[in-house]
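Participant: Whenever a hint applies, use it, and build me the whole structure from the sequences.
Residues per chain are reported as follows:
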Amino acid sequence: MSGSLVVLRSGLHTTIQDFGRFGYQELGVPVAGALDFVGLRLANALVGNRPGEAALEINALGPTLRVDADSVRVAVVGPARLAVTGPLGGDPRPLEVDRGHLLGRGDILAVGAVSGASAAYLAVAGGFALTPVMGSLSTYARAGIGPLGGRPLAEGTVLPLTDAHGGEELTLSAPMDYGSGPVRVVPGPQRDAFTDAALATFLSAEYRVTNEADRMGLRLDGPPLAHRAGPDIVSDGVVTGCVQVPGDGKPIILLADHQTTGGYAKIATVISADLPRVGRAVPGTPLRFQAVTVAEAEAARWALEARIDGLVAGLRRVAPTAGLDLAALYACNLVSGMADPAEE
Amino acid sequence: MDFPRITDVGDTAFNVEFGDGVDRSVNAQVVGLCRALGAARPVGLVEVVPTFRSALIVYDPLATSRASLEAKVRDLVTGCADAPSAVGRTWRIPVCFDADLGPDLDAVRLAAGLDRDQAIALFTGARYFVYMLGFMPGFGYLGEVPKPLRLPRRATPRVKVPAGSVAIAGAMGAVYPWESPGGWHLLGRTPVAFFDPARQPPALLAAGDDVVFEPIDRARYEGLCRQPPTLTAEDR
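For the protein sequence lines, the chains are A and B, in the order given. Numbering that gives the first Met the number 0 numbers the first residue of the first sequence as 0 and each following residue consecutively. Numbering that gives the first Met the number 0 numbers the first residue of the second sequence as 0 and each following residue consecutively.
Don't read these hints as lab results, they were simulated from the structure. By construction, the Cβ of each residue, glycine as well, lies at the ideal position given by its N, Cα and C atoms. Among the clues, some could well be false.
[Stated by the list, open to error] Covered stretches of chain B (in silico footprint by chain A; criterion: 3 or more residues with CB under 8 Å from a CB of chain A, positions within the stretch not fixed): (1) 19-26; (2) 202-209.
[Said to hold, decoys possible] Far from chain B, some chain A residues (derived; all Cβ distances over 10 Å): (3) A59; (4) P78; (5) G155; (6) A212.
[Stated by the list, open to error] Which chain A residues face chain B? A few, computed with CB under 8 Å, are given here: (7) G240; (8) I270; (9) E304.
Facilitator: Here's what the structure looks like:
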């Protein structure tokens, strides 16, 4: 029987995201989508979903959710704190990330602070029973485009579930290694708008993510980059990962919620294999950049895919979490007592 | 510089540039390439984003490669050199120019040395071409604003520009589909919805369309606000 998750507390900024809304940029509609598509895929794999099923992207501080369904399997991937309180109350019990958990009716899942990365992903088995908007369940909150009115979760938001409960209880054998070397970029499309010295600086200096970092982009601090003849260009199309440089010479990496077009010269574009790492970057993160060719970028993307496939193939079965095993039993009407899961 | 030329945008896109300025014939080639790609639908193509002078070709690097897709696009580019420009639709947009709806009309007409009626006649007498959509969903860049009315952007952008505002900056006009911050000069307001996610397509305008603005009085404006009109375009 399908049910829902009910938002008791919203946290800071949690939205529904999938791989993004493509096909409408010619109308000015941003792609949006997950900041970290690796995290989204792994969370989905842990609950038996297809890779691009929509999940909750949790930025900074997560929501508190009550299960209004007989049972639901969830998994959170990313550096978040998780705790569950059973239907009878009691002390919250910490849960591990990077693995699936079967929750039962009345369980309250609290997702706390996400620290060290900008986003964590909470997937539910079967996905959310929501209607795509323009072909996608991604949320572009600035214009209210997406499911739930295109808004972030708020107190009282109801997230409808499907009937699927997923298969086995799975865990990641090892966390994803997002890498720590230079972020790889392809120079251009307006490499010629910059002096040679500016490109050399960009590819050698250390930059740092400032506090102006959100789903739209990361403003970086570091040595300014000089334009040959000013920062303005005739507006053209941009993609996630474009590094635009406004008049102050400080680069901005455009992320998922970037506008479809931009009027600042772009010195380089972060390759798709490094977008998950850049999308996860928090203020203070140091970044260096290294130039690669398009062909090298394509090879890097295939290598990333192989690593993700390896992680998914290496998912291990685990025993159900003790307390939540009871929840599963409640769902099957095998237990009718008033046992407190926290005492198990 | 030789056009068309192709520039790198990482490993998920590339640009085909047909020129480096805002020009109708350059834009016609952009729109022509986008239509040709829409018809050809090469494997791995995700979408095409037309802008003033270039088309952004977005692709899935796991479904094709830059080399393979670029070869197909180059074949199509050759066919866009003399693309006809008259392929869009014409939209007639009702606008109320009352001072509270168009708070910058006075400043614009004073700078042009015109009275209100002359300024409105000049603005609504022009036929505007939709060069591209961008900045926000459904926001079309409309050109060109008659020369006497051209002003640089406001020094201080407004924090809130109401949805439906008809605005100009430099040679471009636009209608704000959403309430948003904005630095353009607000001349009036239309009750027409320029973007509706439930509509297919959700944006009223498309690159290559024409727009004509028609003045309406306050009573008509308020009537249309209560009962928003369903516009149909005229084929050119």
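Participant: Decide, hint by hint, whether the structure agrees.
Facilitator: A quick look at each hint next to the structure:
Against chain A, the segment 19-26 of chain B contributes 3 residues with a C-beta closer than 8 Å to a partner C-beta. That satisfies the three-residue criterion, and the hint holds. Remark: the segment 202-209 of chain B is confirmed as covered by chain A, as 3 of its residues place a Cβ nearer than 8 Å to a Cβ of that chain, reaching the required three. Annotated as non-interface, A:A59 keeps its C-beta farther than 10 Å from every C-beta of chain B; the closest such distance is 24 Å. The Cβ of A:P78 lies farther than 10 Å from every Cβ of chain B, with a closest approach of about 27 Å, so its non-interface assignment holds.
For A:G155, the condition that its CB be more than 10 Å from all CB atoms of chain B holds, with the nearest at approximately 22 Å. Look at A:A212: its CB is around 20 Å from the nearest CB on chain B, clear of 10 Å, so calling it non-interface holds up. Checking A:G240 against chain B by beta carbon gives a least distance of about 5 Å; that is within 8 Å, so the hint holds. Of the supplied interface hints, the one on A:I270 holds, with its beta-carbon coming within about 5 Å of a beta-carbon of chain B, less than 8 Å.
Here the hint on A:E304 is kept, as its CB sits about 7 Å from the closest CB of chain B, short of 8 Å.
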